[in-house]
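Protein chains in written order, with my numbering: chain A, 1 to 113; chain B, 1001 to 1113.
Watch out, some of these pointers could steer you wrong.
[Claimed, not checked] Below, computed lysine-lysine pairings styled on DSSO-like, alpha-carbon distance capped at 30 Å:
(1) A:K51 to B:K1015
(2) B:K1057 to B:K1096
(3) B:K1096 to B:K1015
(4) B:K1096 to A:K70
(5) A:K70 to A:K51
(6) B:K1057 to B:K1017
(7) B:K1057 to B:K1015
(8) B:K1057 to B:K1011
(9) B:K1011 to A:K70
(10) B:K1017 to A:K51
Derived by calculation from the structure, the hints in this document are not laboratory data.
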Amino acid sequence: GQQLNQSPQSMFIQEGEDVSMNCTSSSIFNTWLWYKQDPGEGPVLLIALYKAGELTSNGRLTAQFGITRKDSFLNISASIPSDVGIYFCAGQTGIQGAQKLVFGQGTRLTINP
Amino acid sequence: GAGVSQSPSNKVTEKGKDVELRCDPISGHTALYWYRQSLGQGLEFLIYFQGNSAPDKSGLPSDRFSAERTGGSVSTLTIQRTQQEDSAVYLCASRKTVTYEQYFGPGTRLTVT
């Protein structure tokens, strides 16, 4: 089945540093979504990407949809303590009415104050 | 409330018992999804509803798992004769018909002893 390879699996950084994580796949996806999950919570949508090559920002977060539609990256600038959590990429496939998301394994971000 | 709600938030059950997990999607969201998240893992798709019908049940792990949706709103995921490997967080998400963005509930943490 379709799989997303997300890396790195974990990151340990200092507060204020920039962060970069990415997802790759052997399959083409129509849409890429990035989610953040805090402990005991459901994933929260951060950014949605719809077009190949699209670059979208949400505050300190920037994500890009790869030209080949097989990859995406997420950058976080000037990290702060509340950025701690697990970040998931998700690729959407299927035609209208038969859509589902395939998730990466997550990147766990830890920030040292 | 404005978000997806799930109940119960935690459920501990004995092996062999049946459990029912409930999801209330965002009002007006016609699509509803169930996912399973094992400890430290990504999200595994279980089933997708469009309205009251389920065009994609491909992720249900066995015939012990079933789900229904009534009135195009509330959904119930039922696990019969629970096994220890069923222990996980079960997440529900909903989506408007015209978008690809799924919004998640807080999940139900199921522990089978």
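A quick look at each hint next to the structure:
no., hint, in the structure
1, A:K51 to B:K1015, "violated, 46 Å"
2, B:K1057 to B:K1096, "holds, 19 Å"
3, B:K1096 to B:K1015, "violated, 37 Å"
4, B:K1096 to A:K70, "holds, 25 Å"
5, A:K70 to A:K51, "holds, 12 Å"
6, B:K1057 to B:K1017, "holds, 23 Å"
7, B:K1057 to B:K1015, "holds, 24 Å"
8, B:K1057 to B:K1011, "holds, 24 Å"
9, B:K1011 to A:K70, "violated, 38 Å"
10, B:K1017 to A:K51, "violated, 46 Å"
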